[in-house]
Amino acid sequence: MANHFPIPAPAPSRVEGGARPDVLTAPGRLGLGSGTLAIVDIGSNSVRLVVYEMVARAPAQVFNEKEMAGLGRNVASTGKLSTGAMRKAIAALVRFRILCEAMHVGEIRVIATAAARYASNGPDFIARAEQAIGQPIELISGDREATLSGLGVISGFDNPDGVVGDLGGGSLELISIAGGEVGEGASVPLGGLALLDRSKNSLKAAEKIVRDELDKLPQLEAMKGRDFYAVGGTWRALATLHQHQVQYPLNVMHGYTLPARDVADFVKLVERADLAGLDAIDAVSSARRPLLAYGALVLDELIKRGKPRAVIISAQGVREGLLHEQLSPEERAADPLLRSARDYNHLRARDPRHAGELIAWSRTILETAGLSEDEPSPRLIELVCLLSDIGWRAHPDYRGEQSMNVIAHAYFTGIDHVGRAFLALAIFHRYAGLKSASAAATALRALLPPPLLERAILLAAIFRVAYLLSAGMAGLLPRIPATCVDGRLVLRFPDDLRPLASERVIGRLKQLGKLLGREVEIARI
30 MANHFPIPAP APSRVEGGAR PDVLTAPGRL GLGSGTLAIV DIGSNSVRLV
80 VYEMVARAPA QVFNEKEMAG LGRNVASTGK LSTGAMRKAI AALVRFRILC
130 EAMHVGEIRV IATAAARYAS NGPDFIARAE QAIGQPIELI SGDREATLSG
180 LGVISGFDNP DGVVGDLGGG SLELISIAGG EVGEGASVPL GGLALLDRSK
230 NSLKAAEKIV RDELDKLPQL EAMKGRDFYA VGGTWRALAT LHQHQVQYPL
280 NVMHGYTLPA RDVADFVKLV ERADLAGLDA IDAVSSARRP LLAYGALVLD
330 ELIKRGKPRA VIISAQGVRE GLLHEQLSPE ERAADPLLRS ARDYNHLRAR
380 DPRHAGELIA WSRTILETAG LSEDEPSPRL IELVCLLSDI GWRAHPDYRG
430 EQSMNVIAHA YFTGIDHVGR AFLALAIFHR YAGLKSASAA ATALRALLPP
480 PLLERAILLA AIFRVAYLLS AGMAGLLPRI PATCVDGRLV LRFPDDLRPL
530 ASERVIGRLK QLGKLLGREV EIARI
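First residue of the sequence shown? That's 30 in this note's numbering, and the numbers climb one at a time after it.
No lab work stands behind these hints: they were computed from the structure. All C-beta atoms, glycine included, are put in the ideal place defined by N, C-alpha and C. Be aware that one or more of the hints could be misleading.
[As the list claims (entries may be wrong)] Derived DSSO-like pairs (lysine-lysine); straight-line CA-CA distance at most 27 angstroms:
| id | residue 1 | residue 2 |
| --- | --- | --- |
| 1 | Lys-237 | Lys-333 |
| 2 | Lys-297 | Lys-233 |
| 3 | Lys-336 | Lys-245 |
| 4 | Lys-237 | Lys-253 |
| 5 | Lys-117 | Lys-233 |
| 6 | Lys-464 | Lys-543 |
| 7 | Lys-95 | Lys-109 |
| 8 | Lys-297 | Lys-109 |
| 9 | Lys-109 | Lys-253 |
| 10 | Lys-245 | Lys-233 |
| 11 | Lys-336 | Lys-253 |
| 12 | Lys-117 | Lys-229 |
| 13 | Lys-297 | Lys-229 |
| 14 | Lys-245 | Lys-333 |
| 15 | Lys-109 | Lys-233 |
| 16 | Lys-333 | Lys-229 |
| 17 | Lys-253 | Lys-297 |
| 18 | Lys-253 | Lys-229 |
| 19 | Lys-229 | Lys-245 |
| 20 | Lys-245 | Lys-297 |
| 21 | Lys-237 | Lys-297 |
| 22 | Lys-95 | Lys-117 |
| 23 | Lys-336 | Lys-237 |
| 24 | Lys-95 | Lys-233 |
| 25 | Lys-464 | Lys-539 |
| 26 | Lys-333 | Lys-297 |
| 27 | Lys-333 | Lys-253 |
[As the list claims (entries may be wrong)] With beta-carbon atoms standing in for the labels, derived distance ranges:
| id | residue 1 | residue 2 | range |
| --- | --- | --- | --- |
| 28 | Lys-297 | Asn-230 | 17 to 27 angstroms |
| 29 | Asp-190 | Glu-532 | 21 to 31 angstroms |
| 30 | Leu-298 | Leu-497 | 45 to 55 angstroms |
| 31 | Glu-94 | Ala-552 | 13 to 23 angstroms |
| 32 | His-273 | Arg-240 | 35 to 45 angstroms |
| 33 | Leu-298 | Gly-546 | 45 to 55 angstroms |
| 34 | Ala-362 | Asp-291 | 30 to 40 angstroms |
| 35 | Glu-250 | Arg-368 | 32 to 42 angstroms |
| 36 | Pro-358 | Leu-298 | 42 to 52 angstroms |
| 37 | Glu-532 | Gly-208 | 53 to 63 angstroms |
| 38 | Ser-401 | Lys-297 | 45 to 55 angstroms |
Based on the sequences and whatever the hints tell you, model everything.
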C-alpha cells in the first residue's frame, strides 16, 4: 500500500511560528506570518486549501485552491475509498503542505468529512493523509459538520434566520439558525457522489432515496416560511447556471437570493434537461457536472417539503465556521461588512481618517434636509463613506468603473446584492459624474428600487463636493459645515478657507442643491 503514496519528507527550511524575518512582504498587508491560518478541508468530492490572512470577523483569503479528488465516489456501494481517489488526495495534501511552507503560514487546521467518515479504510487514509500534510486531522462527525456549516452562514450574513443546508459529495447537513445561534443538526448520506452511487446512476431511484431520507428529518418543519441557506459547490454551480439563464447583472454567488418557487422551477429544468444545452455549462467543472441533476433533485425535494420563503446561496460554510468558533463573543457580534470596509479604507484611502469626517459631514446634510428616516440606513452611509476613496490610484478616466467593479465583486459578507449595487453605484457616480453611464452601471441599476438609486446618486453628489473641498485629507471638512436651512443648502467657510470656494466647488454644490430641491448659499462662519 505504501508504494501507492510516495510522500516527500517535510522540508527542513520550514519556519515554526510564522514568517521569517528576512522575508520581505508587500506593503499594505493587514497581517502576514504568524497570524495566518490555513484550513485544509478533505471532502468527499474535493480537497481544498484556504489560507486566511488572520483569524478575524471578516478575514481576507490569501490563497484558495482545490483538487477534485472524488474520495466519496463508490463509497456507498463498496464501503471503501478507491486507491485512485486516495492517491489524488494525498498528492494534493503534499502540494498544500509545500505551499503553506512557502507562505509561512502560522497555523494549519485539517478536517475530513463524510467520505473518510463512512469508509472502512478511512482510518488508514487519515494516517497517510496526516503524514502528507504534516498535521493532525480532525475527522468530524455529521452533527459537528452541520454545526460548523451553520456557524459559517452566521458569520457571512447580517442576522440570518432560517435553515442551513450543506450539500457535499457524501452527505447533506441541515441545521436551523437564529439570533446568532445554531440549533440541532442532522446529517444524511445524500451528497451528490453518494446519491449517484446509491441510485446506480438513476434519477428515478435517487428520487425515492431522497424522499425516504428527508422524511426522517425534523429540520424540514423549521424551514417553513423562513430562508433556506444553500451551502456547497454543487448548489453554487446550479446558481451560476441560473444567473446566466436569467442574465443576472451581478456575477456574485454569496447572497444570491431567489424566491423558492423560482428555484423549484429551475431545478426541475436541470433534472429534465440536457445539461450541454444550458447556458454557461462550461463554467461548471467537468467533475461536478454529473452531480448537478442530483443536487437539483435534493434541492427540489427540500423546497417541496420545507416550503421556505427563499433560497439564499452562501459561499461560506464549514471552513468559515471553524474560524467563527475561535472568535470571542464580542468579535462574533461585530459587523463583518463594516470590518471589511474599514480594512479597505485603511489600505486604499489617501488619508483613512477622512472617512470619519465624511460620515459626519454627509449625515448632517441628510438630517437637516429631513432625509434621516429614509434609506439608506446609517450603516450603508457609513459603508459608502469608508469606500469612497478606494479608486484614487487608477487613471481618472477609469476610476468610476474600476471602483464600481471592485465593490460589486469584492469578497464582502454581511450584505445582500441590493446593498452591493447601492455601494458600487454611489462610488461610480462619485468618480464618473452624476449623469455618467456604462453598460455595467446600467445593469446594476436594475437591482435597485428607484428611491434607493436616487439616494446613491445623492450621496455621490455630496462626495463630489466634499472631495473638492478636502482633497481626501482629514482636518478640513469639520471646519466647512454644510447644512440645509430654511429651504437653502448653506456651505460655511472660515476666512482662512474661503479661497476653497472655487467656481467648480460652487457648480457641484448647485448640483447637490438641485437634487435636494434647495437653492445654495456660500456664507462665512
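To see whether the hints hold, each was checked on the structure:
1. Lys-237 x Lys-333: holds, 14 angstroms
2. Lys-297 x Lys-233: Satisfied, since the Cα-Cα distance of roughly 13 angstroms is no more than 27 angstroms.
3. Lys-336 x Lys-245: holds, 16 angstroms
4. Lys-237 x Lys-253: holds, 22 angstroms
5. Lys-117 x Lys-233: Outside the cut-off at roughly 31 angstroms; violated.
6. Lys-464 x Lys-543: Satisfied, since the Cα-Cα distance of roughly 13 angstroms is no more than 27 angstroms.
7. Lys-95 x Lys-109: holds, 22 angstroms
8. Lys-297 x Lys-109: violated, 32 angstroms
9. Lys-109 x Lys-253: At roughly 37 angstroms apart (the allowed maximum being 27 angstroms), Lys-253 and Lys-109 break the hint.
10. Lys-245 x Lys-233: holds, 20 angstroms
11. Lys-336 x Lys-253: holds, 5 angstroms
12. Lys-117 x Lys-229: Distance of about 24 angstroms is within 27 angstroms: holds.
13. Lys-297 x Lys-229: Within the cut-off at roughly 20 angstroms; holds.
14. Lys-245 x Lys-333: holds, 15 angstroms
15. Lys-109 x Lys-233: holds, 25 angstroms
16. Lys-333 x Lys-229: holds, 24 angstroms
17. Lys-253 x Lys-297: The given pair, whose Cα atoms are some 20 angstroms apart, holds under the 27 angstroms limit.
18. Lys-253 x Lys-229: violated, 32 angstroms
19. Lys-229 x Lys-245: Holds. Lys-229 to Lys-245 sits at ~22 angstroms (cutoff 27 angstroms).
20. Lys-245 x Lys-297: holds, 23 angstroms
21. Lys-237 x Lys-297: holds, 16 angstroms
22. Lys-95 x Lys-117: holds, 11 angstroms
23. Lys-336 x Lys-237: holds, 19 angstroms
24. Lys-95 x Lys-233: Outside the cut-off at roughly 31 angstroms; violated.
25. Lys-464 x Lys-539: Satisfied, since the Cα-Cα distance of roughly 14 angstroms is no more than 27 angstroms.
26. Lys-333 x Lys-297: holds, 12 angstroms
27. Lys-333 x Lys-253: holds, 10 angstroms
28. Lys-297 x Asn-230: 17 to 27 angstroms: With a Cβ separation near 19 angstroms, Lys-297 and Asn-230 satisfy 17 to 27 angstroms, so the hint holds.
29. Asp-190 x Glu-532: 21 to 31 angstroms: At 52 angstroms between Cβs, range violated.
30. Leu-298 x Leu-497: 45 to 55 angstroms: At 52 angstroms between Cβs, range holds.
31. Glu-94 x Ala-552: 13 to 23 angstroms: Because 59 angstroms falls outside the window, the suggested range is violated.
32. His-273 x Arg-240: 35 to 45 angstroms: Violated - the Cβ-Cβ distance for His-273 and Arg-240, about 30 angstroms, lies outside 35 to 45 angstroms.
33. Leu-298 x Gly-546: 45 to 55 angstroms: holds, 48 angstroms
34. Ala-362 x Asp-291: 30 to 40 angstroms: Given about 33 angstroms between the Cβ atoms, the range holds.
35. Glu-250 x Arg-368: 32 to 42 angstroms: holds, 35 angstroms
36. Pro-358 x Leu-298: 42 to 52 angstroms: holds, 44 angstroms
37. Glu-532 x Gly-208: 53 to 63 angstroms: At roughly 54 angstroms between Cβ atoms, Gly-208 and Glu-532 fall inside 53 to 63 angstroms, so the hint holds.
38. Ser-401 x Lys-297: 45 to 55 angstroms: holds, 46 angstroms
The structure shown violates the earlier hints numbered 5, 8, 9, 18, 24, 29, 31, 32.
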